[in-house]
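*Asks:* Listed below, chain by chain, are the residues.
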Amino acid sequence: MDSLLNQVPIGLSIGAVLLLVALGLTFTFGQMGVVNMAHGEFIMAGGYTAYMLQDWAGSQAVLAALPVAFAVAGALGWVLERLAIRHFYGRPLDTLLLTWGVSLVLQQAARDLFGAPNVQVVAPGWLTGRIEVLGGALPYARLFIMALAVACVAGIWLYLSRSRPGRRMRAVMQNRQLAEVSGVATARVDQLTFFIGSGLAGVAGVALTLIGPVGPSIGTYYIVDAFLVVVAGGLGQLRGAVIAAVALGMLNSYAEFWTDASLAKVIVFAVVIGFLQVRPQGMFVLRSRALT
Amino acid sequence: MREPFLRPLAAAVLLPAALLTACGGESGDGAGGGASGGSTIKVGVLHSLSGTMAISEVTVKNSETLAIEEVNAAGGLLGKKVEPVVEDGASDWPTFAQKAQKLIKKDKVATVFGGWTSASRKAMLPVFERNKALLWYPVQYEGLESSPSIFYTGATTNQQIVPGLDYLKEKGKKKLYLVGSDYVFPRTANKIIKAYAKANGMQILGEEYTPLGHTEYSTLVNKIGEAKPDAVFNTLNGDSNVAFFKQLRSAGFDAAKLPVMSVSIAEEEVKGIGIDNIVGQPVAWNYYETTKGRANDTFVKAFKAKYGTGKVTSDPMEAGYNAVHLWAAAVKKAGSTDPEAVKKAAAGLSLDLPEGKVTIDGPTQHVYKTARIGVVRKDGLIDEVWSSKEPIKPDPYLKSYPWAAGLS
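Quick mapping for you: the protein sequence lines, in order, are chains A and B. Per the numbering used here, residue 1 is the first one in the first sequence, and the count goes up by one each step. Per the numbering used here, residue 293 is the first one in the second sequence, and the count goes up by one each step.
Derived by calculation from the structure, the hints in this document are not laboratory data. Each residue gets a CB set at the ideal place from its N, CA and C atoms; glycine is no exception. Certain hints may be false.
Said to hold, decoys possible - Taking beta-carbon pairs under 7 Å as the criterion, some of the chain A residues facing chain B (in silico): (1) Ser-3; (2) Gln-108; (3) Asp-112; (4) Gln-120; (5) Ala-137; (6) Pro-139; (7) Ile-211; (8) Glu-256; (9) Ala-261; (10) Ser-262.
To be verified - Below, in silico cross-link-like pairs of lysine-lysine (DSBU-like), each with a Cα-Cα straight-line distance of 35 Å or less: (11) Lys-515(B) to Lys-265(A); (12) Lys-265(A) to Lys-466(B); (13) Lys-549(B) to Lys-372(B); (14) Lys-596(B) to Lys-394(B); (15) Lys-483(B) to Lys-265(A); (16) Lys-624(B) to Lys-691(B); (17) Lys-265(A) to Lys-549(B).
Given only the sequences and the hints, what does the whole structure look like? Please build it.
*Replies:* Below you can see the structure in the form of structure tokens.
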């Protein structure tokens, strides 16, 4: 029974991981409609940023890496948008192939730069303990990831609703033509959106060093789950992504508890597919008067 | 919109298939005649240099090329230099089959050293059998195989998993929890473990598989915590090990509280997992960088000189290194690189190698290996804490173990 209750915090923490890896995608995929398969490699870039910063920040590298990884992954995303993706707007399938190729190139680049084996990122000492919750142990590392996810969501919400560039971003997302004729430089907004979306992947990558491997393949482990969250939540919907991530985390936690890891994946996919049959737009639908 | 997307995709799928068929068609000319003509003997080195398996396989490629250099430095073979032809299996088993075919047919190599996953070996097996060529496979595996075209220089189950269980039994660990990746090796290994447990009065409290590349282990850790086993037998492979040990450790399970016996974690993987997360945990192999002996001192020194002092040597690397030297000795003895002659010469052949004396068992084409249980120490290397004293005769079908009847 104890362990049954303990699945609640586990489900929440899985949800937090899902949310973190998916947040950036709600920008690039959800708002801009770019199927960015290289999103996982921006997560990887975040992990390697933490690894590189260890020389300088020692065991506190994870903390120091959060802003740096945001900038590094964001810059990578910005370059990708400028060099390639902007020529493919409105062609989702071509973008998919293009970004998938980019993701393979980035993986191999990481292999050549850092070597094929996983690298070690030492967690800060204050993150190694755990607290007892509902009869089970909840590691500090998991709590940190949850707090980080909440902080990111709060930050994004404030940015989108309270800041000028955030409002411009929403304007472009809701009605591109109208925003454009109103004087919003949509191309610049696109660049910024892509920078932020990719940067958030970098932040997720730093957090993941606490619980998983840091290596060239890490992006491939999370990319599908990330898309799943965004699609289930509804494109471009922050609250949809939050609710979908937590729901999928809980579902995953209990499905795996009662069956096993492989079957849990099947169940999660089946539930999402079933759900999309009922609500093809995801949980929340963006209402807009745009003609497209 | 659908068409332009599907067309390149279809081409990408069909092209390799077409190539394979084309290569398969010209099976007329003799294979494995690498020694004839030219001033070098070509050998194939076929490992994943890209993709998810590159993490492990690149290191084996390195030790094999080192061994080839050593053979050349000692005067070469049959008066010729040995020339490695390196190919990338790209972590994709059809690619392994295709590249094996290319090495045999186009490069006319005398033999191939390669493979890591059982899937890659199973894909290459028919290619080598059809061409009557030779493959040297350097990784511990699930047994139950003995191809006339393959020499297995890694451990089979009775040289690694069974000794691992013997060790746990000796330590009084009676209740086990089995954790593995969801593919052929862990499932076969766990079948053997369950048969062993039944015959030895041990209890299996749980058996869980996770997909390859799985990184979310909190639920599994919770299940293990609830089952309260004496020890975990871990057959996870690759990156999953990192996530599993990180999350196990952060939930409060260290080596003292819950020993986890692993069969796929060597020196190379320890750093990626994080030494803190795995220090003190037992592993089962046949070789460690710390293994005593002159042959190993030479190997470790040569490896570090070539690839950097920060690099470590591990069991599969050593098995790959052994494969090259065993093949070279067999060629010398046979006076030819013809696969049949080499096989005949290899039977019973014995060499002093880093893990100690290694003898090729003629009938199974596996090698006698000393089993060693090690414990991960604070600097990431592994200390031997138990060994089988002498090399164990390979028994891929576990015929000499009564409890294993009905497994193969």
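*Asks:* List, from low to high, the hint numbers that the structure doesn't satisfy.
*Replies:* Result: hints 3, 13 break, sorted rising.
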